[in-house]
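Spelled out from the first residue to the last, the chains are:
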Amino acid sequence: MDTATQTDTVTLTIDGKTVTVPKGTVVVDAAKTVDIEIPVFCYHEKLGPFGCCRMCLVEVEKMPKMTTACTLTVGEGMVVKTNTEKVEKAQKGVLEFTLLNHPLDCPVCDKGGECPLQDNTFKFGPPDTRMDYNRFNRDKATPLSPVITIDRERCIACQRCTRYSDIIEKDQALVMRNRGFQNRVSTFNDQPYDTRFSGNVIDICPVGALTNTDFRFTARSWDLTNSSTLCGHCACNCNMTLGARLNEMKRITTRPNDLVDDGWICDKARWGYDFTKSKNRIAQPRKQGQVVAIQDACSEVVVSLKKIVEAHGPNSVGFIGSGYGLNEDLYSYQKLFREHIGTNNIDHKTYVDTPGLPVTHFDLLDVETSDLVVLIASDPTEELPILDLRLKKAVERQGTEMIVLNDQQTLMDKYAALSVRYNIGSDGALLAGLNAVLQGQSAGSDLESATGVASSQLQLVAEKIKTAGKVCVIYNPAALTGSAIHTLKQCLATAGGLAETAVGAIPAAPVTNAMGAMDMGVLPDCYPGGVPLSNSDAIKAKWGDTAPLEKGWSALEMIEKARSGELKALVVYRSNPVVDFPGGRNVEEALGKLDLLVVHDIMETETAKLAQVVLPSNGPGFDEGTTTNIGGRVQLRTKGLTTDNPADWKIVSMIAKELGQETAPKDVHAITAEIAEKVGGYQEIKRSAIRKEGKNRAVVPSSNGATASEEIATGDGLILRIADVLFSHDKILDAESNLAHQFQPSTVHLHASDANGLGVQEGDEVSVSGNGHEVKAEVRISNRCNPGGAVLPKVSDEQDVMSLAEAGKAISRVTIKK
Amino acid sequence: MFAFTEASETRIEKILAKYPESRKVSALLPLLTLAQDQEGYITPEAMIEIGKRLDVSPAYVESVCTFYTMYYTKPVGKYVVKFCINISCHLNGCDNLMEYTARKLGIKEGETTPDKKFTLLKEECLAACCEAPVMQVNNKYHVNMTPEKVDQVLESCK
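Line by line, the protein sequences give chains A and B. Okay, so the first sequence: first residue is 1 according to my numbering, each after it adds one. Okay, so the second sequence: first residue is 1001 according to my numbering, each after it adds one.
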């Protein structure tokens, strides 16, 4: 133990205080641990040492001159002084110099009150300047992008933003142009700086040079009511601070949690909040189009449900939830349907997946500490942006190697040691091949013809997996076709059995609380905590003797049963099947046949239009509860805004009460406590335990289904792949969104050989048809997928690309006509 | 559209051969020089092309390009006349020389004559303090300048 301490830590003295810190720490950070503040501008702990602003000069014994504490790594026995006369003089001098051309317009600057330049000047600066000539005037507020404003004259050229662009985002989009006092932050040719993570430069700017255009002049920072909350978009669940004033959302800023977001958020997290004040919100409950009191709406639901259950039995009723709900809301809903209706017709997804993993469930931090990351069918850049940053960091700075297996090209290929591109729809065959190779068998002679991947490539993948010490497999179950997920889990089980390798996985379904929805048992074949229906003893012990044990219908089956008339009533919670389910308008037709459709959602949707009863859901910003991210980390999402509408769980509770539930939960925390008691894996999830940085839920038992043998039917046309897009023009990012400039046109990505065969050229306007529907798109000859495939990014709800997909089929084919 | 000429392509091959593949960004300055020699100044299209070849963003190319005053991002005249304005030249009257030259050419600092013959620029330091004031015309230094010598130099520019 002692030797470990000697080699891993360093002890030094700062202002007479003894400090012991890990080796490699810089003096600025070491001082922080004993509450000594060394002022900085350019230094940021995520960007590493730089030393350009000179603000952190300190004296070190035995060093002839003062040195910058942000570039100095600690040494054993080092004696650092931060408060000598010499240091104070240097700090005053540096600040006087830094302020040479700074306009000192703090009273009208958004950064005022939370500005390191302002704070450092008060604490360490000179009382006045000796310069009596005019300041060098530069441009005042100009747009750096539609959402970021740059005040060039406030910039002190610390280069935090440009280094962020280079080191963290890795695209060098933001650079310093010119030199000397004329240098300025700029993009190439002054194009807008509109990357996916651009907003983080606002948070790290130590002056008021980079400000949030939407927030400018709308509130002073000290007038904001700040809530520590979570992002409600993707499944990373990044931590953020919601600043509100007079119950209106004003801004979102980062709230660093190294275990989740590493201190960054994406632009969708930062600016994708217009839905909190959108006019398209479902503001009040409706019954047959008429606004009613919430109690009346709930009663209507109960009366109708009772009538239908009496006439047709409990299995004529179904519930389609979604991963957008909180654990508490989803838990309440499944309980309502299982306990008070008596059906397992409960689901939240359109793809196949099963709870649990045959290997360790890795957390996001494990990505960085793994020797090898295997990314399967996942496009983190568009689906889980913060994972994109984490992967780049792992590969470029932590020495992690990455293998990408995907049916489409993604930005991650650039960072991969090996990219395997399989044919669209052949994921099952590929994973079966990989499983065989991992077991030391042959991948099969028809592998290459089926998947487009040579077996030598799979050998290489298997070799890398076998020789790496720690392997993290990240896969997107929502992008796998058919029952390929089962093959993937078999593959994981095989890899998990390797002697030399520690294998873990992250199931990276992109929806906010997709993991929580699985854990809460919003599934037709599993109770909460991944308890399969076959485990009837466990179910009866926990949920009573009347708990339904018959397998329910999946979401897609429910749509089919609605069409055939077997399903009479459906409650849809935070989901828009008409647009988001395969089949599109066919779904609309099926839902129209229901006796009762209840939609409980935040925004007006195409599905809500069909509903007899519409219930308002409050959504992120207003709601409170827990979510479980892709790493299995359960965190607390607190509310920053209030509303008169009841919380989602409360509405469920009102319905349950009328259906005969005796005791209603007092508040949302009572449900969190009930989850801890009833859901396997959540025993330790207490509000107090997760408040700060969340907590990993324990292992959920793994169950795996059998792989159905799926021959890819040959046919005419190209195999369709629908790709997720971060800034998709949907209900949450509507036309008035701050991010509207990020919306993309409808495109279809083709391989050059297919484009030649079809006689289409880059930029051609074509019609893509399949499943009796047609979508207009512009041709991109990008070789994004192998020949025989067509990638259509889901860029908007209006595009209606899901209508091209056939529900229940592993693959769908489309034909393209000019 | 920007494209390197065949002669430039041969040069680029030789330049890139000097650096290991992982450090090919080292060829940035020589490539910028080639582009400028070819077009007279460096266009955004040239920056994009160079960025592609060296695997860096066009913004990075622009950042390097604008750092150096000998790379031009706007068209310049046949002769680029530069006066050093740093301390030694300043004390030895570069301001007057600059003003004299501007009047003689009928343009202001930073401008180009309408016949596209001369561009007048100031330079932060030409590293020749011992012979201040210094004037540079294209790649040639002219030292210990006086108005008469300026006349002679400009006269010799055909």
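Among these hints, one or two may not hold up.
Across the chosen pairs, the derived CB separations fall in these ranges [unchecked claim]:
(1) N1138/B x P126/A: 41 to 47 Å
(2) R135/A x T1033/B: 34 to 40 Å
(3) G1040/B x T369/A: 25 to 31 Å
Pairs of lysine-lysine, DSSO-like flavour, derived with a Cα cap of 27 Å [to be verified]:
(4) K393/A x K1024/B
(5) K1104/B x K170/A
(6) K1104/B x K1117/B
(7) K1024/B x K414/A
Keep in mind that the hints were calculated from the coordinates and are not lab data. Quick reminder that beta carbons are idealized off the backbone N, C-alpha and C, glycines included.
Hint-by-hint comparison with the structure:
no., hint, in the structure
1, N1138/B x P126/A: 41 to 47 Å, "46 Å, holds"
2, R135/A x T1033/B: 34 to 40 Å, "36 Å, holds"
3, G1040/B x T369/A: 25 to 31 Å, "53 Å, violated"
4, K393/A x K1024/B, "22 Å, holds"
5, K1104/B x K170/A, "50 Å, violated"
6, K1104/B x K1117/B, "13 Å, holds"
7, K1024/B x K414/A, "17 Å, holds"
Consistency note: the structure conflicts with the earlier hints numbered 3, 5.
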